[in-house]
Structure formats: structure tokens, C-alpha cells
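Trainee: Here's the letter readout for the chains.
Number of protein chains: 4
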Amino acid sequence: MEKIKIGIIGAGRIGRIHAENLGRLHEAEVLAISDPFADDSLRKWALELGIGLVTTRSEEVLDHPAIDAVLICSPTDTHVPLIKQAAAAGKHIFCEKPVSLSIEQTAEALEAVRSANVTLQVGFNRRFDRNFRRARELVLSGEVGQPHLVKITSRDPAPPSPEYIRSSGGIFMDMTIHDFDMARYLTGSEAVEVHAFGSVLVDPVFAQYDDVDTVIVTIRFENGALGVIDNSRQAVYGYDQRIEVFGSGGSVAVANDYPNTAEVHTASGVKRDKPLHFFLERYTEAYIEELKQFVSALGGSIPVPVDGRDGYQAELMALAARHSLKLNRPVRLDEARQLRKLATTHEGGM
Amino acid sequence: MEKIKIGIIGAGRIGRIHAENLGRLHEAEVLAISDPFADDSLRKWALELGIGLVTTRSEEVLDHPAIDAVLICSPTDTHVPLIKQAAAAGKHIFCEKPVSLSIEQTAEALEAVRSANVTLQVGFNRRFDRNFRRARELVLSGEVGQPHLVKITSRDPAPPSPEYIRSSGGIFMDMTIHDFDMARYLTGSEAVEVHAFGSVLVDPVFAQYDDVDTVIVTIRFENGALGVIDNSRQAVYGYDQRIEVFGSGGSVAVANDYPNTAEVHTASGVKRDKPLHFFLERYTEAYIEELKQFVSALGGSIPVPVDGRDGYQAELMALAARHSLKLNRPVRLDEARQLRKLATTHEGGM
Amino acid sequence: MEKIKIGIIGAGRIGRIHAENLGRLHEAEVLAISDPFADDSLRKWALELGIGLVTTRSEEVLDHPAIDAVLICSPTDTHVPLIKQAAAAGKHIFCEKPVSLSIEQTAEALEAVRSANVTLQVGFNRRFDRNFRRARELVLSGEVGQPHLVKITSRDPAPPSPEYIRSSGGIFMDMTIHDFDMARYLTGSEAVEVHAFGSVLVDPVFAQYDDVDTVIVTIRFENGALGVIDNSRQAVYGYDQRIEVFGSGGSVAVANDYPNTAEVHTASGVKRDKPLHFFLERYTEAYIEELKQFVSALGGSIPVPVDGRDGYQAELMALAARHSLKLNRPVRLDEARQLRKLATTHEGGM
Amino acid sequence: MEKIKIGIIGAGRIGRIHAENLGRLHEAEVLAISDPFADDSLRKWALELGIGLVTTRSEEVLDHPAIDAVLICSPTDTHVPLIKQAAAAGKHIFCEKPVSLSIEQTAEALEAVRSANVTLQVGFNRRFDRNFRRARELVLSGEVGQPHLVKITSRDPAPPSPEYIRSSGGIFMDMTIHDFDMARYLTGSEAVEVHAFGSVLVDPVFAQYDDVDTVIVTIRFENGALGVIDNSRQAVYGYDQRIEVFGSGGSVAVANDYPNTAEVHTASGVKRDKPLHFFLERYTEAYIEELKQFVSALGGSIPVPVDGRDGYQAELMALAARHSLKLNRPVRLDEARQLRKLATTHEGGM
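Here the protein sequences line up with chains A, B, C and D, keeping their order. The first sequence begins at 102 in my numbering and counts up one residue at a time. The second sequence begins at 102 in my numbering and counts up one residue at a time. The third sequence begins at 102 in my numbering and counts up one residue at a time. The fourth sequence begins at 102 in my numbering and counts up one residue at a time.
Extracted from the complex, chain A is given alone in its bound form (with noise of 0.2 Å):
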């Protein structure tokens, strides 16, 4: 079988690791990778992978002939213009997520890949956790009956820097939106209504950039389910990763992986290590499957396991819970589009 050939744009932390990932498929072949800060260290690092073309310049990547897919991994606010250039290139794409903070703007993107009829595949990760993948098969496989409630707790072991928190999108867009798809994964239904409560409990910097760093948002789903999801930026004890679905005829539940299964009895009590400290640990295994998934895709054996519309969906649920949070009110997200619009003076912020 013919490799797929790949290029990477934007070499920090996630696009070298899905550059090692890839590294280790039979089925696929890195190219390429491009980052306007390449440097030295780069290119040692590419030439140990094997990667022939390091360059600053995204449009070498997205050109070059060879090439069949690219992995857009840089800033949130270059996805837009980088799918539309892919779309045009006839590359198939993987996003990460975001695609973008406004809403307009994912959907001219969707519309330039529809147009060019490439496959475009959205990065929620968490997916492709084994222990998320095993719940989601049981709620398909009937084990819990019809859904009724849903519940997710994802908490980050520690806040991230000002600057980050500051071009963020917020805690909805920037955090919250992988519960957003999770919810709509594990329940295979969409929600109609959010309520959001928010809070500044962590650091008093997030109310700097008009964001929260604890919230609860609540969702109606389309067939009467309910859903809730609660974010802190600051779990001390580590990255906490929890789900729960709740149906007519059980439930499944998934509790977060820690670093090892020994237990401790002394006589002040019962001690284990606490859990698996943060995102790049819980999901190594996920982000390889990831990228296994979106090359057989490519190459025609799998549907795409998350597509545009996934990506779509989760920002129209983040821009409802952030318009919750303002107005005080659940808001539906045939409304949200329409609201935003009013918003618009809060650009930037939250």
C-alpha cells in the first residue's frame, strides 16, 4: 500500500507529538513541517524523524505536490485562512480544535472543504480514550437503555499563562468544548438549550480578560436528555476526567487512570498516588489512535471519526454558554448565532 504523505503546520508541543505519532503507522509518512519559529532544534529533532522539509513558511507545506493530508496545529486564529488555502490545495485536513472562535468563520470553513471535497477531521482527542470509546460502546451496545443524564467533570491541573487566557476564546471555547463533543458523543444526540453558571474562584486574573474559571453548564437535549458539565482551570490533585451516562436501564461510568494501582494501609489510613497529572499523560494512547483513525479514513476503511460538523456543533454549544453566562439565562442554540451578533462589542473577550 501507497503511504499517505503528510505535512504538519505548526511544530509546538502537539504538532510534534502527533509528528511522532505518525511516525510510528505503517500506513502514513511525514513530509513536511512548518513553523514560523523553526530553528536549529527543529530541524535535529525533524531529521532524527526522518521529516525532509523544515521550513517557516506554511505555504511550502500546503503546496508541496507530495502531499496529501496536513495537520493544521498552529494558533487558533491561523485555522480559518489555513483550512480555506488546504481546501484549495485539494489536501485533506485535520484541524485541532478550535476551528475557530467565531462561528461565521467555521462555517465558511466547513463550506471551502465541503466545496473542495476533501475530508476535513476535527481534533477532540478525547474520543479516542479507551475508557470513553468502552463507555460510548455500551451506551450504543443498549447496556444503560435509553440515556437520560449525562454528566462530565473535566478539570485541568493547573491554569494556564495570562496570554494564553487572554486570546483563549474563554473557558467555554477554549475548555469547555471538549465536553461539549463529549456530550454529544456519548449521548449520539444534540442539545437544544445550555444554562450556564460561572464563577472566578482560582485566580482573579481570568476576570481581567472578562472569563470565568469554574463553571456548571447544563444542557436539554433534543429527546428530553439532560446533561451537565462542570470545568475548574485548577484541580490540584491533577487532571480530572470523569463521565457519567445515566439511562432507563443503567448507567456506565468512567473514572480517570492513575500512574500506577498500588495501595497503601498504614494506621493514619488508606493512601494511593493521585491521578494521572495531565492531558498529554491521561491521553498519549488516544492521540496515537487519533491519528490512526483519520489515516484510515484517508485512506477509506473508516468513516471520519469527527468532522466539520462535530467542530461546528461544540463551538454553537460554547457561544450558547457564553451568552448564558452574560444574559443570566439558558439559551438555545437556535438563538446563539442570532445573539452573537448583538455580542459582537465583547470580541475578544470571553
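Hints may contain errors.
Heads up, the list lumps identical chains together, so a pair's fine if it works in one copy or across two of them.
[Stated by the list, open to error] In the DSS-like style, the derived pairs of lysine-lysine whose C-alpha atoms are separated by at most 27 Å in a straight line are:
hint	residue 1	residue 2
1	104	145
2	104	393
3	106	145
4	427	393
5	145	393
6	106	185
Hints listed in this document are in silico derivations from the structure and should not be mistaken for laboratory results.
Take the given structure of chain A and dock chains B, C and D to it, following the hints.
Mentor: Below, chains B, C and D without anything else, positioned relative to chain A:
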């Protein structure tokens, strides 16, 4: 020490359990029990327990000169008049939850208790569960730092009868009220605003009585902490009662109790028995502890563990949740009473 | 139904617990209790429980014409004479473990019981623990197939006093005997050979009394299944009582009971409270169930759940283990009695 | 840094896994692989991994001037001659367990290694498992005090083929040997005496080869601590690998790894997926870590983590266990070698 003399009004399931539990306390003695449907079977049961007086008339209990305190275990709509009579007779009072379905009447009952200077304890039994008490201790001792999030799951094994549903006051007043109290107990903080989503997913009979069977209620507390409660009238795997308090220093979570610790590994998977099936099994010890503390409070050795204001606040939260569901918007507790007046046409509904 | 009338011999800790537990059974009634050290405190306690006769002389209990059955809760060296007297008086008998420290005397006691045609139940309380019972049910129902391995952990929270150690009959007769019975109970099979390794690691006082404090005993059963018991006189984290049965179809394992289900996550790890600390807490319900079944067996509704032969076989296993430790070789049960004769110089030691 | 150049002898399952794992290390490089059955499929696999030389002759690897170290992954009966040749050629050596089925030959191999002053690491991969390593760390850091008891469970998901059984050296040398090493690793102490009970319960074919399939081995350590190992050739629920170290300060226990954390509650109970099914899944990371440390040891940054003496001692324990089973008595390690000589007629059996 002189034993505290107790009379019980209402000889249903919970009245009898309380009588049997009091029978094991050295500090208390049940002198009388009343029930409009008192019959030979009740008399036989009372005889075995050494309860001297069995009557169909609550007045005989309330006016009994030797009785120090009464337990009000009769239907909810009798609570307020009975509290007023008991207070007027100078009896201390233990009253099952809720005090009433009307926040104004509850306020009147509390006023009567205050005027008469008697003690009132409200029957929020879950506060006495060893698991929840341990969680509360850990929060109080600062183990999890400042609370940021409180999560409460409370699901019944099976829905009640249509007759019960009709006069229950609706899911928030009948079922969630325990969780509202638990939220205040765990955080030690007051709610300021409540939002509810609800659905009828278990049985259409709930819709018939203007009620729902599946809810997610979110709470905003005075100090910015957030809370969420999820309820279902039917968890096929049994009684599901769990909580989590997450804070600046970590989290404490309480799991269900199971009938045994046996775990089976076979070729088809790992299994164990489902959780304790009903509240009487789960809270056996809690009911004993609840009355022990009532008796201790009457003896003056501890403050009353759940007082009238606790009863009132939980009802106010239930009222706010009901308005939220009807109005499809968050409702502040300080407006809930006013809204109540506008909403009197719903009287008798949820 | 006529209540079964019971007398208790020995008013130590366990005698009183049995009396209190019998007080809650409708089918039984305690008429008398004897103890050589009976005093006013005991009389006061008996009065509250409604026990009519308190005496220093066991004869008064044994000769009491109204008494149907006696509970022998006095020191081990009085068991055999008391069993003989009770049998001669036609009383049914519940005797705490072990029946005696001498397999020959135990045999005599059983013969007396047989001749008098009375019922004898031996106090192996752990068979009535909900966890172990569930394991036994699962084995019986074939969930784990044919048993191949049985593993029993049994560790005390703290060593007994030197006085207790001196007259305990040694660790195998005092402590492991429960586990020998558990091994037979769980597998439903008889041991044919036993091997023991032992050490003094907790306290040198054990060596002083020719005893050990840490043992691993292995067992070969009739059907080829193998077993292992590990004991320590001191687990600093509390009472440790677990089992596992592994077979051709899988395994069933029973964990300890904990005082609550609260689990705390902090920056330094995950913790929960240690197991229930002592046998009275762990086996509260088991002691109640044990006497319930004794009373039921006397009433004829069930066979006696732990009979004299059960007591004898566990003692024989303890004897074989003791010989094994002394001889440093495996010892067959059918040779243990013979070896006993050769070993009489060790009388009084372990 | 100069990469360490490695040759692999034996291209079976484990040889290939090691080659692939080495491929991910920056500090090492596989130059050659030999296997008597080397074919096109092996050549294709080697090509993809960039291994330059594929040969049917081990000499080509051993004599390769550029190679620093060899991995011996060929059948057990070839280990000793290959170790001698490798040592003579001045190559460092990683050898799969056991070094040999003959304690005398193993001693000769170790002598050759010593004379040549090369490094030898023996393939006890379980020491590199994150769970067991964490247990070891906790013991070393004094968390459980002085070790008193060590318990090891090790059960395979399914018995090997009759051919494998025939040449396996018996269960103690083939399977329990890992546990003997684990017992030494966890306690940091040497065994002085061993006792074994064994049965044929899984498959009569084991009896045919003078072997057993179910064993319980107990161990007495130098410092008085005691140990027990239970093995079965068939746990229908998958690979079962657990340990517990109990000491004066508490205990540490290590549970199995499971494929995911999903737990399902339904009306019929609570279930989750069974443990990881086979050693390649359970020890994926351990195999990587094992070679990482071998390479680090060759680089001089850490001492060799499992040396020849570790291999020898585990074999000696296996030998003592085998004698114990045959003689039906405990066997001291210092007599095991002598007994070996008397027992040569059993050569080829267990």
C-alpha cells in the same frame, strides 16, 4: 438521668421505625403513639415495644402531661397545624420533612416554635449518614480547602405511586429537598440562585400531575461556589446517593454503600452486587443517629443538628427550582417568595 | 410461637453481646446468666435487658428447668465440662470456639452431645458475615467453577496481653482456627495435609510462650485444591479479613469493610479511612445472624449451621499446623492425633 | 553521544518486541538479528526497522565487530553456550530468563561473564512494571515498615502447548521463577527455605510431563519474614498478577491493570471488563523500560538492574521448590544444590 418522654404522631413506616429506634436508646422512652387508622396490629406492635398508649387522636399525644417531645410523622399537610399545637402545649418537636408545601405556612410554624421557645428538629436524615458526615467533617477540617463545586446525585430505585405523586408537592419539594439540604450542609453556605432543567423520561404519569421525573438543578452560592444536583425517579440498579465537594485544596467524594464486598472475576468480566436497594437499608444507621442527636439536643448536650431554618431554606430552594422550571430561567431565592404569590394558580401541582 | 428460653454461662464481652443480640429476637428470651464474678454492675445490666436471674454459679443455669438452651461463653478450659453437664441436663448448646485445646477432650464432649441427642453449635461467627456468606453462595452456585485455590488473610489490629497469650493454646488454636473453619466452609472440602511456617516478628513475648505471631499455613484438600492462610498478630491499619476462592470458572474475592466510602483527592495523593478496626465492629451483624440461626436451628427450620464436627475438624487442622511448625514438615490430619501423643511434653505451650 | 550497537539472537515473539522497543530509544541501535528460521518475512520486518543484517547464524551477530551488546532471545537450552561465546567476544549481554535449567550451568555462565568483565542483565521484566516498581519504592522508603509477609499471585490466562510444557523445565523454572525474583525484589531479602504444594487441576497433560499446573509455594526469608506464591496455569478471566507486602508499619498491595475504567450498573449488578488478558498487554511498558535500563546500565549511568546473581538465586529457589514438591518437605536453598545431584534421574522432567 430522667428519660425523655416521647409521643409519636403517625404510625406509618417511618413513625414505626423511629419508635423502634428510640426503644434502643437508654435516654428516651416512647409513651404514646397516635394514628387515625390505629388497629389491633398496631396495638400488638406497640405492646411488644412497651408503648403504653395507642390512640386514633393526636390530641391525646399532644395533651399528654408526661410527654416532653413529639415526633410528627403524619402526612405533610398536617405538619403545620400539629407543630402549632405541639408548640402551644410546650412540647419539643421532631418533624419529618418537608415542614409544609407552603413557604408561608412553614414560616408561621417556625414563628410558633420560636414564640413557645421549644426545640424543633427537621427530619433531614441524610445528614446523619456516616458517609456524608465524614465528607462534612473533611470539608470542615479544611482537607479540600475552600469549596468551589458541590455535586449531588440522588436517584430512587423506583417511582412512587400515582397517589403519592399527586400529593407530593412535586419532585423538588419531595425528593430534591433532601439534596438542597445536603448542599447547604456540605458547603456550610447559602444558595442565592437556582436553575432547573426537568424532563419526563421515566413515566408519563408525572406529566399528568404537572411534575417531572428527571431533573438537573444548578445552584449559585453566596461565596461564588457552584452546585449541581441530578435526580431521577428510577435507577434500575437501586438507590443511588453520592456526593462530591471540590475545592481549592482537593476533593472529597462519597460512593454508595453495597450489600457486600464480594467481587467475581469470570471469563465474561468482573462483577459485584448492586448498591443497597432502598433508603431504609442505606439509612438504617442514619435514622438511629438522627434520633440519638435529637434526644441529646433536648438533653442540652449538643445544639439541635437540623433546625427550623434548615427546613425553611431547603423549601425555599425547592420553591425557587420550581419557579425556574416553570419560567425557564434562573431564580434567586430572594425573589422566589414573591413569584410564589403570582403562581398560586399552580397550587396543587408541582 | 413459644419462645426459646436461653441461659448464658459467662458474662464477659462476648456473653453480653450475645445477650443483647438475643434481646432483639422475637423467637428467644434470655432467662438467666451466670458468671463467677457477677456483681452489681452486671445485675444492673441484666435488669435493663429483662434477664431475671443473675448468679455466680453455672449450675443454676444448667439446672434451670425452664431453660432450653445454654450459651457457653466462659474460658476455654471450662467448655468441655460445661458441655457434658449441659448435655446431661438435656440442654441444647451454643459453645464459643475452640471447644477445647485438646482434640481428645473435644471428642469426648461431642460424644456426650451425641448421646444426649442435643444440638451443639460452635461459635465460628465469621461464617455469618455477609461478605463471606456471599462468597460461599457464589462458590456453591458454581460461579467460579471447581475450587482450585483458597486464600485467607486474617490479621489482628494488635496482639493480646501476655496473660491471654499464655493460655490461648497458641496462634493456630486461638486465631488460625477461624481460618481453618473458613477454608472448609468456602471450599466445602476437607483438608488432608497442612504445612506451617511461623516467625516471631511482632513481639518477643510470643517466643517466651513457645508461640509465634506471624504464620503462613498451606493446606492440601481431598480433591487436590490448595489453600493458604496468612496471619499476623498486628496489622497497624486495623482488622484485616479477606478471602479469595479461585477455580476453574473464575474467582471470588472479598475485601474488608470500611467505616465509610469517603475518598479524598489532594495534591499529595488519594486517601480514605482505614478498615473497621476490630472484630466487634466488623462482625456486629454476623454475631446477630449467628444466634438467629442457632435459634432457627433449635426451632427446626434449618439444620445447625456449624456443628460439633466443624469444631473438631478445625481443631485437628490447628493441631496438625502446630506439629508442622515443630517438626518443620507437612503433617497429615490423620497422623496429627498420633503425633499429639508424642508431643505431650509441650503441653501448655503452643 | 555514540549509540550503543546491539545484536539480537532469536527472532521469536520476544526478540522482535525488543527490537521494536530498541528502535524507539535514541541511545541504542539494532545492527543485526539472527534466527535459524530467518525468512523473507523476517527480512521485510527488519528492513522496515532499519536493521541492516539478518542471518541464520548467531555467530555473525556474536562476531560482528561493531556490536557492543547482544540480546539472547533464543530457546533456553542455547542460553549458556551463547552467553559464553558472547562473553568471550567481549559483548555485553541481555539474556531472557531462565539463564538455564541447570544451576551448575548457570553458575558456569556467570563465571564466564565475570572473567570477561562484561555486563549481564537477566530478563525479569516484571521488575520494570510501574505497579511493582511503585510497591518496591514504597517498601524501600519505609512506608510499610519492616516486611513481615510478602504475597504474590501469578496466574496465566491459559496453559501453554504440550510441546512447550515438555521443555519448559517445569512450572517452578518456567513460571514461578518470575515470582521468586519478585519476592527477592520486593523484600530485598534472601530466601533460606522453600515449601511447595502442587496439583494437577487444569489439564492432565501436566501430569504426563511430571509437572503440575497449580501450586502454592511458601518461603522463609533470612530475616524471618515469610512469603507465599500462588500460581495457576489457567485463570479464565485473564492474566492475574498481584502482590502484597505487609510489614510492621502497614501494607502495600498492587492490583491488576484493566483495559479501561468503565463501570456499569444495571438491574442485575455492577460490572466492568476483565483484566488485561496477556503478559504482552500488561507488560508493554515494562518491556520498554527494561531495555531502557539495560542501555543506561551499559552507558554507565545506573547499575545493572537485574544481574546474573539475581538469575541464579531465582533458579535456586525454583530448584528448591521442585525438590520440596518431590520430597514433600520444606527444602533449604543451601541443600538444594546437593539434592539436585541425587535427583538427576528426573532430568528432563519438572
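Trainee: Would you pick out the hints that fail for this structure and give their numbers low to high?
Mentor: Violated hint: only 4; rest satisfied.
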